[in-house]
Each structure stands twice: as C-alpha cells, then as structure tokens.
Amino acid sequence: MYASLVPTSAEMIRFLPELILTVVATLFMVLDPLLGRQSRHVYGHFSILALLGAMAAAVYVYRDPGAAFSGMLMVDGFATFFRVVVIGVGILTVLPSYRYLDREDAETGEYHALLLFSIVGQCVMVTANELIMIFIGLEISSIASYVLAGYLRDDRRANEAALKYFLLGSFATAFFLYGVALIYGMTGSTNLATVRRAILGGSLGSAPIFIGVAAALMFVGLGFKVSGAPFQIWAPDVYQGAPTPVAAFLSAGPKAAAFAIFLRIFLTAFQPIGPGWEPLVWVSALASMTLGNFAALTQSNIKRLLAYSSIAHAGYVLVALAARSNVGTAAAMFYMAAYAFMNIGAFAVVSHLSGKGERYLKVEDFAGLGAKQPGTAALLSIFLLSLIGVPLTGGFFGKFYIFKAALDSHLVWLTVLGLLNSAVAAYYYLRILVMMYMREPGEAASRIQPLTPGLRAALVLPALGTLVLGIFPGWVLDFAGRSSVFVR
Amino acid sequence: MNAVPLSWYLTLSGVLFTLGAAGFLFRRNIITVFMSIELMLNAVNLSFISFSYAFRRVDGQIFTFFVMVVAAAEAAVGLAIILTVFKNRNTLNIDDLNSMKDEYQPAQPEEASETAPVSVP
Amino acid sequence: MDFLLLSLIKAAVVAAVLLTTLAYLQWVERKVIAHIQVRLGPSRVGPHGLLQPLADVIKLITKEDLIPPHVNKFFYLAAPFLAITMSLLSISVIPFGSEVRVLGQTTWMQLTDLNIGVLFILAVSSMGVYGIALAGWASNNKYSLLGGLRSSAQMISYELPLSLAIASPLLLANTLSLRELVQKQGGFEFGFLPRWNIFQGPWPQIISFLIFVIAGFAETNRVPFDLPEAENELVAGFHTEYSSMKFAAFFMAEYANMITVTCLTTILFLGGWQPLFPASMGSNLVPPVIFVLAGLVALYHGLNPARRKDRFTLPVFAVVFFALAAVFLLPAAREAILPLFWFAAKTGFLLFVFIWIRGTLPRFRYDQLMAFTWKFLFPVAVLNLLVTGLLVALVP
Amino acid sequence: MDVILFLVFAIIAVLCAINVVVQTHPIASALSLIGVMGSLAVLYLLLGAEFIAAAQVIVYAGAVMVLFVFVIMLLNAGEEVHRGRSFVVQVLGAPLLIALLGLLVYFAQRLFPGAPMVRFGAFRGGTAVAVGRALFTQYLLPFEVTSVLILIAILGAIVLARKELD
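Chains as they are written, first to last, in our numbering: chain A, 1 to 488; chain B, 489 to 609; chain C, 610 to 1005; chain D, 1006 to 1171.
Source of the hints: derived by calculation from the structure; they are not laboratory data.
Given the structure is predicted, the values throughout are model-derived calculations rather than measurements.
Certain hints may be false.
Under the rule of at most 30 Å between Cα atoms (straight-line distance), these lysine-lysine pairs were calculated in the DSS-like manner [to be verified]:
#1 A:K372 <-> A:K356
#2 C:K668 <-> B:K575
#3 C:K619 <-> C:K751
#4 C:K918 <-> C:K668
#5 C:K793 <-> C:K672
#6 A:K404 <-> B:K575
#7 C:K682 <-> C:K751
#8 C:K682 <-> C:K672
#9 C:K984 <-> B:K575
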C-alpha cells in the first residue's frame, strides 16, 4: 500500500547533488553549537568538500538523464551544465569567504549553511521542469540570499541591502506567481512540456495574447531576479551593501539560476509565442546594456560599479535570449559560465583590497596595486580584460557567440547597439587598470595584507577558468550546444 | 441566480493584486509595504483556487498550500530583516534608507554611524 | 425550514447553558480555591453563595464604563468583542452527546458538524490572540503592551505543541470531524478497556494528552502560564485599562476558552460521550449512584447542620439530586442524557483540574515559559507524532 | 445564496484591501489584511477548498499575521510620515497600476468564456484526504523541498534577530 509512495532509487539518485548539500548544511546547524571558535574554519573545508561532492554527483547523475518525481525534475544536459555552474560559484564564493569572515569576525556555521541552502535552491531551480517546483527553488535560493546579504547585521549598509533585496525580490515573486497562476488556468498544468503542448495544440480557445499576458507577468518576475532593466533598481544598492563575497555570489549564482529558468521557461513553454515576447526581451536587453554601462561610467564605488556592470552583462545574456535559437541558448550558457569566473574573481580582489569594515571601496583605492602586489593586480587585469571582452579570455568568446547568435537571428540593430555598448564599457574597466598600474600607491594599496591560501585559490582558480574558456572554448561550447535542445 | 461566474472570482483576484501592488508602490512604512506583498500573494492564491475549481482538480489547491508555506517563510525572514534595520536606524520609513547613494563615503564607518540616521529631510 | 428552526433552538439552548456555565464556573473556581486555601469562599449572596454570579453580573453591568483618554478608541473597543466572539465560536462544533430524539425530531447534540471541525477550532482559537494583542496595544499603557506582547508570543509558541499533540489522535482516528472522532473511540478492548485515544493501540496517546493539556493551559493564559496578566509585575496585563462589561468580556473569553480546551481534550483523548466501562458492567448505573450518594451526603449534612441555614438548603439539594438520579433511571430520558452525563463528567473533571492547578502551582518566569515549550514540549510532541505515525503505518 | 455570499465577502475583501493601502497606521493595515484573509477563506470554502480555507485562517491569519502584529507592537511603529516620493513612482505609478488592473480584469472576463458557474458544493475535491493524497504522491518532492525552505527561514530569522551572546 505504501510502496507507491516511496520514490525509486533512480529518482533519488537524480536528486543526489541537492541531497548532499542539504545534509551537510543541516549538519552545520547541528555542529554550530558544538564546535568552538577555534575550529571555525572547519565549516569552510566541509562546504568545499560538500560542493565538490555535489558537483561530482551532478556530473555522475548525467550518465542517466531523465525525469524524476512525477515529472517535477528533469536531469538533462542543460540542468547539469547549470548545476555545475552554480555549484562552482559556491566553491568560488567559499574560498574568499575564509579571509573575509575572519576579518569581519563573523565566521559561523550559519553563513555556510545558508550558502549551501541557497545553492540547493538554485540546483532545484535549474533542474525543475515544473513551474511550482521552479517557484519553490527560486524562493529557497532567494530567501537564503536575503539573509546572506544582511549577514553582517550590525552593518547599516548590509541591513539596507538585505531589506531592499527582500522587498523587491518578494514583489517580483508575486508577479512571477501570478503568471504561473494564469498559465495554470489556461492550460490546466504547470509542467513545462504540457504547457507547451497545450499552447501548440491551440485548444485554449483564446488568443495567444492571453498567454502573452502571463508570459509578461513572469517576465517581470524573472527580470527582477536577473536584474534586467527596467527591473534593475535593486542591484546597485544590494551589491554595494552586501558583504563582498556575498555580492560576488549574488552576481553569479542566483543570476545564473534565474537565467537558466528564464531560458527554460521561455524557450520551452513560451516558445510557440516567441515572436510575441521577442520585442519585450529586445527592449529589456538594450535598456539593461545601456543603463548598466552608462551608469557604471560615473561610479566611484567599485562594488557599485561592478553592480552596474553586472546589469549590463545581464543585458548581453538577454540578447542571447532574444535570439530564440539553440545557438543563442548555448551562447547564454557559455556566457554565464565565463561571467561567473570573471566576476567572482573581480569581487574576490575587491574583498581582498577593501580591508576590515570594507573601508577601501573607491576606484581610487586601486591606485598603485600593480606595484604593491603585482600578482593580485595581474589576476585582476585578467578579470577586467575578460569583462571588457578582450580576446583570449572567456568574456570575449561569450560576447562573440552571443552577438553571432543575434546576427543569425537577424537582430542586426541589437547587435550593433550591443557592440557599441561593449566599447563604452571598456572605458570604466580600463579606468581601474590605469589606476592600478599608473598611479602612486595610496593608503589602501599600502595597507594591503598578504594573500592567504584561500584567497590565492579564490583568485587563481577563476583566472584559470577565464583563460581556459578563452583559449579552449570548444569543449564547453560543444556541451552547451548539445544541451541547448530542450524540446526533443 | 444561484451561481456565480468564475470570472467574478478572477476579477476579485485581479483587483486585490493591483491593490497590493499599489500599496507596494505608494506606501512608505516598511511593514505596510511588506503586508502589501502578502496581499498580492493572497490574490494569487484566490486565482489558483478558482482554477482548481474550474478544472475540478485538487492541484491548484496544492499550489496555494505551497504559496502559504513560502509566505510564512518569507514573513519570518522579512520581519527579522526589518528588526535589524530598525535596530540600526530606529526608523521604519523606506525613504530613510538611502545611505548608499554614490556620494556617501563609506571610508569612515565611525563617522557614518554618528550622523543622525533619522530626521534627515 | 425545520432545519433552520431546529438549529436556532439548539443554538439558543447551547448559548443559555454555556453562559450559565461560564457564570457558575467562576463560582466553582472561587469555591474550590477557597477550600484549597481553607476558606469558605463566597457565601453571602444566596445559599453557599450560589447567587454570587448573578450579583457579579449586576455589578459588572451597572459599573461605570471608563474609556481612558489616551487609548486608540476603535481597537480598544474592538478587542474585547473579538476575544469573546472567537472564544464562543469554537463551541459551535463541539459534540456534547450522541443522537437524541426530541418531540419526534432526531438531532445531534451538536450545533454543527464540520468535516474539518478540528481545524476549525484551531483556526478560531488562533484568531483569539488578536483580542488580547490588540487590547494590550490599544490601551496605550506599557503594562498592557507588555501583557499583550507576552501573550501573543506565548500563544503562538504553545500552538505548535498543541497542534502536534492533536495530530496524533487524528492519525489514529483518520478523520477531522469531531463527531466521527468520538464515534471511532466507541467500544472496548478486552471487554473492559475503553478504546479512547488515551488508551488506544498501537501507541496510547498519554504523552500527547499531557502535552495537549499543558499547552491548553498556556493557550488559555491560566496559571502556571498566566504571565500576560501577572499582577505583581504587570498590574493586570492586557486588561489593565478595561472596566465594566469590557472587562467581563475578557473574563468570559478566558472561561469559554477553558471550556473549549477541556471539551476538546475530552473529545480527542477521553472518548467524548463514550462511557468509561461497558454498559454490561453497569456503566448506566453510575450517574444515578453518584447522584444518590451526593443526595445522601447533602441530606446527612442537612440533618447535622454546621450552620443554621444549612438545615433548609441542604435537604433541598438532596431532593434535587434524588430527582436527577430518578431521571437517569427513566429509560426514555436515559438514552438522551447518559452521553451528556459522561461528557459533562469528563469535562467537569478536567475543569476541576484546571482550578486545582491554579490553587496549587506557582507561576513560571517568562524565559522558563518559552524555554519549556521550545526546548521540551515541542521536541517531545514531534517525537510522539513520529512514533505514532510510524506505528500507525506499520501496524495494520 | 451563492451570489449573496460571494458579493458580501468579495466586498468585504475589497474594502479591507483598500483599507490596507490607505490606512496610515500599520496596525490598522494589518487588521484590514486579516479581514481580507478571513473573507478569502470563506470564498475558498465556496470554491470547495475546505482544507485550504482552514489552513488560510490557521497559517496566514493566525500565525503569519500575528507575527506582523507582534513586530508592529514590538517596534511601536507609529503613523507613517509622508515625504517626497520618488519621481518615477509619482508619475508612472498610477497609470501603470490602472493599466495592470484593466489588463487583469479584462483577462478574467474574456479568457474563460466556457468556465463553469461556481456553485457551492458542486466540487468537493478539497478535503483533507484529497489534499494529503496529492501532496504525498504527485507533489512529494515539492512538499519535501519546502521543508528546506522552512529550515532556511528558521535559520535566517535566528541569524538576523538573535541576541549577541558575548
């Protein structure tokens, strides 16, 4: 009688990465009161082990792709790709966190538990094949991120960041949910494949414009989550106020997962009404790029600058979405991976430089870094060049494939405007480079601490990743290309 | 006249959702803003349950159940965030949360905490 | 129309009985506590103070109705109304007895039976917090506010173990309707052990019974959990600023909540109106025997009076008791009122325990109160629910 | 009867919702919101979702909103002070909202021409049994995953709001 209730072992295995992370995170909650302050680095080590285990599991699980739990989950190439990306983002976030949490005297198991839970949510998001499951994953990821953003609870800026992130995030969630409700009402299902069939079948008895309304509502919700214009207003304040490793995490992990569900929902369920939503994405992409890049020009705070740059990069990925093709999807996937590397790397340098209490966050504070700590400066240069999109870096191929996909889909104007935008963007990244190498060392650079092993890893790994993606993009792109076919 | 068209329920849901959005946009008290979001979620729930009735299936109600759980979790975390904000600033007005404009110089946190957090016009 | 009329009559009867009970519960409480403390208690108004409740009501009605100037008027007035409404509402789904036939009509001794009766009571009782919280806030008085805050925190915290404790008997009974819950507890194991949830296999619900009763004390803000109105620290807590009928409303709400909790305990764990042992072993004779004994005691004391007026009052009571005993021996009436008797006996006993504990135990400190529920009651309730669930699933 | 019940509770819901938005005192807004939730619970009952109706009152009105009221009382939040609001909201807010409302209402009116009339008792699929069965079979995974959500909520609330133990 109860046999039908118990999931099969194959289903459980498809859920293995999430299980590993959840178990370890729960263990942290138990361990926290037991371990003293002396052994506080244990959490970081365990986090990295758990994340590595989860990543291995995610890859292993891909050997036997398929659906699980009554179609709630779908383990396929796309899901595996993004699972690896978000778990990788987790590892790259934990590495600089050692030093950061030490410095701010805030190392506890809860930080790591929340981080792991947030990654669980993102993994659920990217594997989910069902709107309600996506919604729950989204909320897990978001709620954990809200807390992480305000983790330094005596810091006024962190509070403010958490509050803004929370209010606007929940507001966006409500819109997303309304869209889900309307889709359910029109198609009688929340399973993406079923929704798609219902829309294709034309059995709805109503014009596609109604589906469009639902899609628009979900677009509002997802637009907030990926910080695409005109829903980007929260991003600068949140990135600036949140602890730097957390800001790095927010700019890569939740964003990648949000883009994953963006792609999955819009390119499966809403693919039949593609011509309807394409202008919407087109406008949003252009607005994000322009707004992000031009606002970044005038920023003096480095975290805020990176926040605006992250809005601009969201715009590039939206261009890939507007292309509505498998090439575009593959380009977006590649770009998110490359972006994760370069952006987290840049944030890790910021975290390293800023010092206790995040005192040195202005662009001028980078003055003379090249002289004081050439290694760090060189690594930061790699990240910045990649963010500009200089060849031999991951950022270059990411942009290249995106604009190529856009041209393939005849989005000529968007491509032209996007390229112009990239040129504008070069200015503010170069400003930092100039500051680093051509100015006398200022207070920040002269007070900079030596690199710790964790930080070294946190800088070198993403730099390696950026370079590998820039020099050998083929393997990742192949995989992305093969996985970008949703509808078989 | 012993039955109500389903569209009435959906209209009600739309009205409540818009009212919630209006509260979110126009209100200044953080807690009221948060409550407006709860109102929006409730409106969505009504839609789910109406559709569930239309299909004569229970799954719409299940979605409502999940939304309730999510709302409860959000409330716990959200109110905790509001508490920390209040503890540090002694205000619940959204307009007072403006310490991160670019002009703000975070280089001297000691000074920053001395400047009066409230009553800045 | 019959249905409507019948419902109205039932509602009127229940309301009348309930309100009288509320008034006299206060009298009983004062008497019992007095005797615990070796005093006499109310004894001036009427024989043995039996008319004291009436006097109290007159006093409360005619007392000057103060509205302090600094309160938030709307919420100040709404709070007691809310409190009393919510506490009276729960009674509407309580089944007091089984089916009865009155004047050719067959009806249940229950106002209405909901499929989700248990959830209804939980819902209504969870709304009761607002009355107290609002009263505390609207009074604009620091003691009231503290009382209101304390009580809302306390009620939310204790609602968790309460709900978890309810879940276990529901697992055994497999229904949410209160009437069916009682029906499922009918019958006897081994011919003598009643199948009440507190005894029932595979896992007797004694633990959840205890948790439920403890949490019930907290939910009704009774000693030892009466922190919200701890007079030596908070004046009178949330109702400091209330007087006259508004004060009475809070008072009635507290007693009505007590009655709800005890009724619910009876239904969930003690088999509702089901007798303690089978009729074949003479359970039908219990009420007449009790009443006859009570009558005899009254008669004895009437004949050997401690005070002068006892010579007249106690024999009257004896006659009343004998008459009641006789009623229970009438076959026609017996069928209808036996279940009622068992229900009232169990509820009454639990009410007595409530009062008894108030007379005996000191008050918790606030942090102890919170630690107790979160660190002890809640984990135990979860464990108990787990064990129950497992056993229900494994034992066919 | 259905029409009357619907109209009564729909009007209460809308009035309370308007009250949530226009009241300047948070506690008045909170109580109005409870009014909305209560009347929605009745509408859920009319739509045959009896379990969800009870859960609505227990979880939403009885637990979540108590938390709100609790925090409002704890922070002693007073009347809201209006300052100059953001220019964008001032100019675009009202038109956007009206457009949204129009869209949603039009949507509701036009979308489901063949939708059944709602008659109380016509659909009784929302019993605790039905909901439970669906939750533990088809929706097992989301159900289990929401436990992670709740764990995070507990953890997060403690991280943010606990007293420093030093």
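Quick rundown of the hints versus the structure:
1. Restraint check for K372 (chain A) and K356 (chain A): the C-alpha separation of about 18 Å stays at or below 30 Å, so the hint holds.
2. At most 30 Å may separate the alpha-carbon atoms for a hinted pair to count; K668 (chain C) and K575 (chain B) exceed this at roughly 47 Å.
3. About 43 Å separates the Cα atoms of K619 (chain C) and K751 (chain C), which puts this hinted pair outside 30 Å; it is violated.
4. Straight-line distance between C-alpha atoms of K918 (chain C) and K668 (chain C) comes to about 26 Å, which keeps the hinted pair within the 30 Å bound.
5. Distance restraint check for K793 (chain C) and K672 (chain C): the Cα-Cα separation of roughly 49 Å exceeds the 30 Å cut-off, and the hinted pair is therefore not satisfied.
6. Only pairs whose Cα atoms come within 30 Å are accepted, and K404 (chain A) paired with K575 (chain B) is rejected, the gap being roughly 51 Å.
7. For a cut-off of 30 Å, the pair hint linking K682 (chain C) to K751 (chain C) stands: about 17 Å separates their Cα positions.
8. Taking the CA atoms of K682 (chain C) and K672 (chain C), the gap is near 19 Å; set against the 30 Å cutoff, the hint holds.
9. Between K984 (chain C) and K575 (chain B) the CA atoms are separated by roughly 27 Å; this keeps the pair inside 30 Å, and the hint holds.
Consistency note: the structure conflicts with the earlier hints numbered 2, 3, 5, 6.
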